[in-house]
Amino acid sequence: KAGVTQTPRYLIKTRGQQVTLSCSPISGHRSVSWYQQTPGQGLQFLFEYFSETQRNKGNFPGRFSGRQFSNSRSEMNVSTLELGDSALYLCASSSGQGLDTQYFGPGTRLTVL
Amino acid sequence: DQQVKQNSPSLSVQEGRISILNCDYTNSMFDYFLWYKKYPAEGPTFLISISSIKDKNEDGRFTVFLNKSAKHLSLHIVPSQPGDSAVYFCAASAQGSQGNLIFGKGTKLSVKP
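First to last, the protein sequences are chains A and B.
Per this note's numbering, residue 1 is the first one in the first sequence, and the count goes up by one each step.
Per this note's numbering, residue 1001 is the first one in the second sequence, and the count goes up by one each step.
Take the hints with a grain of salt, since some may be wrong.
Derived DSS-like pairs: lysine-lysine, alpha-carbon spacing no greater than 30 Å straight-line [said to hold, decoys possible]:
#, chain 1, residue 1, chain 2, residue 2
1, B, Lys1071, B, Lys1005
2, B, Lys1071, A, Lys57
3, B, Lys1105, B, Lys1038
4, B, Lys1005, B, Lys1105
5, B, Lys1112, A, Lys57
6, B, Lys1005, A, Lys57
7, B, Lys1038, A, Lys57
8, B, Lys1105, A, Lys13
9, B, Lys1108, B, Lys1068
10, B, Lys1068, B, Lys1054
11, B, Lys1105, B, Lys1056
12, B, Lys1108, B, Lys1054
13, B, Lys1005, A, Lys13
14, B, Lys1054, B, Lys1071
15, A, Lys57, B, Lys1068
16, B, Lys1108, A, Lys57
17, B, Lys1038, A, Lys13
No lab work stands behind these hints: they were computed from the structure.
Predicted model, so just to flag it, every value in this text is computed and none were measured.
With the sequences and hints as input, model every part of the structure.
The structure is reproduced here in C-alpha cells:
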C-alpha cells in the first residue's frame, strides 16, 4: 500500500501571500489530520477532516483552512502569510474510527520570507 | 498548559543496552497512546501504541508500558541499535477526538556504538 503523500515538499513564499498544500491519504483511509511543527511549539494539531467534513479543530487563526474531497484527498490553505507561519506542515491519515493510528506523510517545508 | 510531557529532551545510550523513554500526561480522558520516531525534515514514523485498557504492549524490540494511576507511560527499546538514534515523540488522543493527537515535545535518543 502506498503511504501518505504530500505536495509540494518545499515552498518559499513572501509575507502576505497565500499557499495551498496537498495531502493524499493511504488508500481506504477517510480521515486526514493536519499538524504544524515548529522548533518552539513542537507538533501542533491544526484540524481533521473525515468524510469531507471538518470534525476537529485546533487553536489556529482563521487564516488556516482546509477541505477534503470525495476521494479523501485534502488540501490546506494559509492566507495572508506571516513570518511565523514558516514551519513543517504534516498531514496524517487514518481510518477515522475506533482506536485509530495516524500515519504521517513526509511533510511540506514552508518558508515565509 | 502541556497535556503531554516528555521531560527529558535528550538521552544517550550505549549500543546493546536498554533505552527507556518516558512520557507523562495530565488529561484523564486520553484513552490511546502512541510513540513515533522522527528524523529531521521527515514525517513521524509510527512505532507502537497502547490503549488505556492495557498496561503493556510489545512489538519486537519495542515495549510500551502504561501506568494509568500515575498517568505515565514509557517506551523500552531492547537492545538499542545505532539506527534507533532519532527524536521520539509520545502522543495521546481522547475518545471522540481521535483525529487530534496531542504530542509531547520529544526526546532525542542517541545510541552510541
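Outcome of the hint check:
The hinted pair formed by Lys1071 (chain B) and Lys1005 (chain B) meets the criterion: a straight-line CA distance of about 11 Å does not exceed 30 Å. As the CA atoms of Lys1071 (chain B) and Lys57 (chain A) are separated by approximately 25 Å, the hinted pair is consistent with the 30 Å bound. Proximity of Lys1105 (chain B) to Lys1038 (chain B) is assessed by CA-CA distance (about 12 Å); at most 30 Å being required, the pair is judged to hold. Proposed proximity of Lys1005 (chain B) and Lys1105 (chain B) is supported: the alpha carbons are some 7 Å apart, at most 30 Å.
Distance hint between Lys1112 (chain B) and Lys57 (chain A) is unfulfilled; the C-alpha atoms sit about 41 Å from each other, more than 30 Å. As the CA atoms of Lys1005 (chain B) and Lys57 (chain A) are separated by approximately 21 Å, the hinted pair is consistent with the 30 Å bound. Taking the CA atoms of Lys1038 (chain B) and Lys57 (chain A), the gap is about 24 Å. The hint holds against a cut of 30 Å. Using a Cα cut-off of 30 Å, the hinted pair Lys1105 (chain B) and Lys13 (chain A) holds, with the two alpha carbons roughly 27 Å apart.
Only pairs whose Cα atoms come within 30 Å are accepted, and Lys1108 (chain B) paired with Lys1068 (chain B) is accepted, the gap being roughly 25 Å. Taken as a hint, the Lys1068 (chain B) and Lys1054 (chain B) pair is honoured in the structure, with Cα atoms around 9 Å apart against an allowance of 30 Å. For the suggested pair Lys1105 (chain B) and Lys1056 (chain B), the alpha carbons sit about 23 Å apart, so the restraint of at most 30 Å is met. Using a Cα cut-off of 30 Å, the hinted pair Lys1108 (chain B) and Lys1054 (chain B) holds, with the two alpha carbons roughly 26 Å apart.
For the suggested pair Lys1005 (chain B) and Lys13 (chain A), the alpha carbons sit about 33 Å apart, so the restraint of at most 30 Å is broken. Under the criterion of a C-alpha separation no larger than 30 Å, the hint pairing Lys1054 (chain B) with Lys1071 (chain B) is consistent with the structure, at around 13 Å. At roughly 27 Å between alpha-carbon atoms, Lys57 (chain A) and Lys1068 (chain B) fall within 30 Å of each other, so this suggested pair holds. With a C-alpha separation of about 29 Å, the suggested pair Lys1108 (chain B) and Lys57 (chain A) falls inside the 30 Å cut-off, and the hint holds.
For the hint pairing Lys1038 (chain B) with Lys13 (chain A), the CA-to-CA distance comes to about 26 Å; that is within 30 Å, so the pair holds.
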